[in-house]
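Novice: Below are the chains, spelled out letter by letter.
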Amino acid sequence: MSLTYEDVIAKYEPVLGLEVHVELNTNSKMFCGCSTVFGGEPNTQTCPVCLGMPGALPVVNEKAIESSILIGLALNCSITPFSRFSRKNYFYPDMPKNFQISQYDEPICVNGYLDVEIDTDDGVKKFRVEIERVHMEEDTGKSLHVGGATGRIHGADYSLLDYNRAGIPLVEIVTKIVPGTGRYAPEVAKAYVAQLRDILRSLGVSDVRMEQGSLRCDANVSLRLIGAEKLGTRSETKNVNSLRSVERAVRGEMIRHAELLNKGERVVQETRHFQEDTGLTRSGRSKEQAEDYRYFPEPDLVPVAPDAAWIEKLRASLPEHPSVRRNRLQEQWGVPDKEMAAMLNADALEIVEATVLLGADPTRARGWWLGEISRIANEKNVAIADLAISPKDVAEIVALVATGDLTDKLARQVVEGVINAEGSPQEVINSRGLKVVSDETALMAAIERAIAAQPETAEKIRNGHIPAAGALIGAVMKETKGQADAARVRELLLGHLGQPTN
Amino acid sequence: MITKSAYEMSAAMAAGETSSVALTQAHLDRISAVDQHVHAFLHVDTEGALAQAKAVDDARARGEKVGPLAGVPLALKDVMVQQGIPTTCGSKILEGWRPPYDATVVTKLKNAGVVILGKTNMDEFAMGSSTENSAYGPTHNPWDLTRIPGGSGGGSSASLAAFEAPLAIGTDTGGSIRQPAAVTGTVGVKPTYGGVSRYGLIAFSSSLDQAGPCARTVLDTALLHEVIAGHDGKDATSINAPVPQVVKAARDGNVKGMKIGFVKELNGDGYQPGVRSRFEESLELLAKAGAEIVEVSCPNFEYALAAYYLIAPSECSSNLARFDAMRYGIRVGDSDGASAESVMNLTRQVGFGREVKRRIILGTYALSSGYYDAYYGSAQKVRTLIMQDFTKAFTSADVLVSPTCPTTAFKIGEKANDPLAMYLNDIATIPVNMAGIGGMSLPCGLAPEDNLPVGFQIMAPAMQDQRMYTVGAALEAALLDQWGAPLLSRIPALAGTQ
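Protein chains in written order, with the working numbering: chain A, 545 to 1046; chain B, 163 to 660.
Since the hints were derived computationally from the structure, they do not count as laboratory data.
Certain hints may be false.
Claimed, not checked - DSBU-like cross-link-like pairs, simulated, lysine-lysine; straight-line CA separation at most 35 Å: (1) B:K270 - B:K450; (2) B:K396 - A:K857; (3) A:K607 - B:K216; (4) A:K720 - A:K686; (5) B:K396 - B:K543; (6) A:K632 - B:K519; (7) B:K543 - A:K607; (8) B:K254 - B:K227; (9) B:K254 - A:K632; (10) B:K410 - A:K632; (11) B:K410 - A:K720; (12) B:K410 - B:K554; (13) B:K254 - B:K554; (14) B:K227 - B:K216; (15) A:K607 - B:K396; (16) B:K396 - B:K270; (17) A:K686 - B:K519; (18) A:K669 - A:K686; (19) B:K396 - A:K686; (20) A:K686 - B:K216; (21) A:K807 - A:K782; (22) A:K555 - A:K607; (23) A:K632 - B:K166; (24) A:K979 - A:K953; (25) B:K450 - B:K216; (26) A:K632 - B:K216; (27) B:K227 - B:K272; (28) A:K607 - B:K272.
As the list claims (entries may be wrong) - Here are the in silico distance ranges between beta carbons for each label pair: (29) A:G583 - B:A500: 28 to 34 Å; (30) A:Y634 - B:T208: 42 to 48 Å; (31) A:D851 - B:S504: 47 to 53 Å; (32) A:P586 - B:P404: 54 to 60 Å.
Unchecked claim - Taking beta-carbon pairs under 8 Å as the criterion, some of the chain A residues facing chain B (in silico): (33) P598; (34) V604; (35) F635; (36) S703; (37) L704; (38) F840; (39) V846; (40) P847.
Just so you know, even glycine gets a beta-carbon here, dropped at the ideal spot from N, CA and C.
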């Protein structure tokens, strides 16, 4: 019998630890000049350096250092005056040198924090997540294991290797342990990643596309009895590819741990893989026996020693903090708290702002993105940002409704058409013939036909029974395939039958 | 012509007395005649060399200005990658690999019009002091074919002594340029660490490896030094500063007023009597030339060898991890159903030789969690102490000197099964690498007891490489006065023409 979440939090206190890997959006890789563009033909973005050819040497990408410092500053970290790269040694076919260049005991940024807010039934609650370190490293290549049931290297018939990703700059942001979140642990985890993502986006240092892997979160979870000092054994959940998954993974792990602990079993220290379809995790690599990576300072690189003036220059260039920006937009647009929370929850702030910046009314823009478009996104089980509709399209639709060229109803069809990749709003309007029928002669003709078809109904209206008008209006709308303005039809109909029109 | 210096060859070409094609062909002929006995080369690029030579001749014919070593042939240690040319690093694991790119040193040689004859033999991955660890068989010392030519760059130095090339490139991690130079009666320089780009140098121990010039005269070595040195944006450890004026120093050779410090600890017990006597006579010659000879003490050099054999294997255990059969080199055991792991294991088992495996195992152990501080950590501290010894010694001397090696060339096979005895051969050369400073070896005569060459080592502070050339040129001139002809004129004739 499985436990409920309430059972878990009644007995246990969850302790979080979050490791976020961010792919920087530098033009070139961490240690060579190869392109970092996503999705290239396999092994076309490689060179002797990122292929680990004998004799090749790494040279640090200065832009990556700059991005790392910006991240550290935005997370209230100290920037260390002297940091170093180390080699993390282990064998794996997708790692060209069989060691990964990474910062180990001397990271570039240390000791920061990020305050996150979550919306609860008891109002907005604030949690401080302390950051232990921000460090730089290079990504590995990608393996595709073909054959076998699991998609893993064991049991595969053969494996394909793509080194395009090898050497892409990564920044890893590691929190200290986060106790004290109680029942809100899943939401705090999600809010932390969401806010971190917003910061990274505002800094312009990464694409932060979780689904493409440019932002990846490992969620460490452990439980201890409420009131206990000693930390429980943690599991490390990888493969958490969306904000929603972060929340689900933490919640799921809390329940799984509690079930084990309640049965008197122990939690195994291991990595676990989150499975999007079930929301559960499956066992990965055991970490019971710590792997020995034989770290030592990378002798091919000199220490990173950013000078203080550069750091201050970067500090001065930091953009508006996302939380400040959020408050500003809420005020400017006059959004009530609850709806602001809904917009944040739907991850729609960016896209709404982009739409507003293209001239749309904020309330209308918000209405479309959180209403019809969100509904379709939910149906398709994707994020609104992944639909084939852009802020520009929505701004255009809002404008067409404002001018009366589209009714709300028609506009919904346009939205649907754009999302179905039928083209721009104008193209959808043209191809679907979605023009408001504003030719009153044509409308009157349709009204006459409706009256002729339903003389009894018309008679009722003439006798002052206004609600009966609905049937005739419906008939007209049907005849015009919904392209008439229903309010105008009503006006014309009632006027024609000698009734007041308001 | 092949017994001339590179400088003389260049002058002859400039004067129209010979062409690069003729000169290159003469060296290729010499290689055909004697290399079956010496085995200095692993690969001879006849076609490529002649094409390069012709390009230089054509440029000269068009009246273009060419560099001082344009058209002069050179032997390239097989540790340097050259695009399209088989590069093995003396290892079976890289058999058949043709690099897709040029090392920076190779690019600079090509730009200078230097003609690359081919790749020279070496101890596998530069690990050794005799070239016996090459997977392709040993190189023989042209002074006595039953003896070793030194290592790891035995092929490069032997090619010079056998007149197969007037110039060569070596690399020096613990003495791999200087010790072969010493035992073959040639000149070799390990520049300041960071003075010559390591890009394209197949790494053995990254913090110690340094490429450098080899030749038969101090001036030729200086000319080659200036061609290959200089800052390289592809090597983060490359020094961004002007190249020391080594050619000027080699031409001047004036040691009047210079203080030359002989290192007390690098002499005495364990040094062959004939090595000591030739070394001491050289000191007298330098004193006669106007230098002041002082004694300096570097007490921590005692620990250099032990620390070296922790640092170098540690770095090599990581550097050599990339040889995993996935992307280049040989692949063993790739049968149906074999896992990547088993292919990696089998390939490394078959592809690496005993000494390489020994060092990988040593280094893996030294870096292991729980041992790191005791081994790698302590070795790094020793390294700091050695640097401090040098810093202190350089306050009382402009350069330091010692015999390059404790003995002359030993017999092939003599120390092959005694790694510790082999390691001791580098006792005087290793401190230079540990401190990242410059070191030169030049011939200072034959040991009376075995008539084999003795090397004289000169060490200079970081980026003061020109000082080695000043002292080297002065000693070379004084010795030449005494001998009447270069030392190599006394080399026994090889089975072939001379």
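Novice: So, for every hint listed, does it hold in this structure?
Specialist: Verification of the hints:
In summary, the hint linking K270 of chain B to K450 of chain B is not supported, as the alpha carbons are separated by about 39 Å, beyond the 35 Å threshold. A distance of roughly 27 Å separates the Cα atoms of K396 of chain B and K857 of chain A; the hinted pair therefore holds under the 35 Å criterion. Simply put, K607 of chain A and K216 of chain B have alpha-carbon atoms about 44 Å apart, too far for the 35 Å limit, and the pair is violated. The suggested pairing of K720 of chain A with K686 of chain A holds, with an alpha-carbon distance near 29 Å, which does not exceed 35 Å.
Between K396 of chain B and K543 of chain B, the direct Cα distance comes to roughly 29 Å. Compliance with the 35 Å bound is thereby established for this hinted pair. For a cut-off of 35 Å, the pair hint linking K632 of chain A to K519 of chain B stands: about 20 Å separates their Cα positions. Among the hinted pairs, K543 of chain B with K607 of chain A is consistent with the structure: their alpha-carbon atoms are about 33 Å apart, no more than 35 Å. Distance hint between K254 of chain B and K227 of chain B is unfulfilled; the C-alpha atoms sit about 42 Å from each other, more than 35 Å.
Between K254 of chain B and K632 of chain A the alpha-carbon distance is near 27 Å, which keeps this suggested pair within the 35 Å criterion. Distance restraint check for K410 of chain B and K632 of chain A: the Cα-Cα separation of roughly 45 Å exceeds the 35 Å cut-off, and the hinted pair is therefore not satisfied. Taken as a hint, the K410 of chain B and K720 of chain A pair is broken in the structure, with Cα atoms around 59 Å apart against an allowance of 35 Å. Straight-line distance between C-alpha atoms of K410 of chain B and K554 of chain B comes to about 27 Å, which keeps the hinted pair within the 35 Å bound.
A hinted pair counts as satisfied when its Cα atoms are at most 35 Å apart, and K254 of chain B with K554 of chain B does not qualify at roughly 44 Å. Among the hinted pairs, K227 of chain B with K216 of chain B is consistent with the structure: their alpha-carbon atoms are about 15 Å apart, no more than 35 Å. In summary, the hint linking K607 of chain A to K396 of chain B is supported, as the alpha carbons are separated by about 16 Å, within the 35 Å threshold. This hinted pair checks out: K396 of chain B and K270 of chain B have alpha carbons roughly 13 Å apart, not beyond 35 Å.
Annotation: proposed proximity of K686 of chain A to K519 of chain B holds, straight-line Cα distance about 29 Å (limit 35 Å). Restraint check: the Cα-Cα separation between K669 of chain A and K686 of chain A comes to about 40 Å, which exceeds 35 Å; the hinted pair is violated. With a CA separation close to 26 Å, the supplied pair K396 of chain B and K686 of chain A stays within the 35 Å bound. Straight-line distance between C-alpha atoms of K686 of chain A and K216 of chain B comes to about 46 Å, which puts the hinted pair past the 35 Å bound.
Under the criterion of a C-alpha separation no larger than 35 Å, the hint pairing K807 of chain A with K782 of chain A is consistent with the structure, at around 25 Å. Taken as a hint, the K555 of chain A and K607 of chain A pair is broken in the structure, with Cα atoms around 48 Å apart against an allowance of 35 Å. Using a Cα cut-off of 35 Å, the hinted pair K632 of chain A and K166 of chain B is violated, with the two alpha carbons roughly 50 Å apart. A hinted pair counts as satisfied when its Cα atoms are at most 35 Å apart, and K979 of chain A with K953 of chain A qualifies at roughly 11 Å.
Taking the CA atoms of K450 of chain B and K216 of chain B, the gap is about 46 Å. The hint is violated against a cut of 35 Å. Restraint check for K632 of chain A and K216 of chain B: the C-alpha separation of about 48 Å exceeds 35 Å, so the hint is violated. For the hint pairing K227 of chain B with K272 of chain B, the CA-to-CA distance comes to about 15 Å; that is within 35 Å, so the pair holds. For a cut-off of 35 Å, the pair hint linking K607 of chain A to K272 of chain B stands: about 32 Å separates their Cα positions.
The hint said 28 to 34 Å for the Cβ distance between G583 of chain A and A500 of chain B, and at roughly 32 Å that hint holds. Between Y634 of chain A and T208 of chain B the beta carbons are some 43 Å apart, a value that agrees with the proposed interval 42 to 48 Å. At roughly 50 Å, the beta carbons of D851 of chain A and S504 of chain B sit within the given window of 47 to 53 Å. Checked against the hint of 54 to 60 Å, the pair P586 of chain A and P404 of chain B fails, with Cβ atoms roughly 44 Å apart.
Interface restraint check: P598 of chain A against chain B, minimum CB-CB distance 4 Å, threshold 8 Å, status holds. Using the Cβ-Cβ criterion of 8 Å, the hint placing V604 of chain A at the interface with chain B is satisfied: the shortest such distance is roughly 7 Å. Annotation: F635 of chain A was flagged as interfacial toward chain B, and the flag holds, the nearest CB pair being 6 Å apart, inside 8 Å. Interface restraint check for S703 of chain A: the shortest CB-CB distance to chain B comes to about 7 Å, inside 8 Å, so the restraint holds.
Residue-level restraint check for L704 of chain A is violated (minimum Cβ-Cβ distance to chain B is 12 Å; threshold 8 Å). Because the smallest distance between the Cβ of F840 of chain A and any Cβ of chain B comes to about 6 Å, under 8 Å, the interface hint for this residue holds. Annotation: V846 of chain A was flagged as interfacial toward chain B, and the flag holds, the nearest CB pair being 6 Å apart, inside 8 Å. Restraint check, P847 of chain A versus chain B: the minimum CB separation of about 10 Å is more than 8 Å; hint violated.
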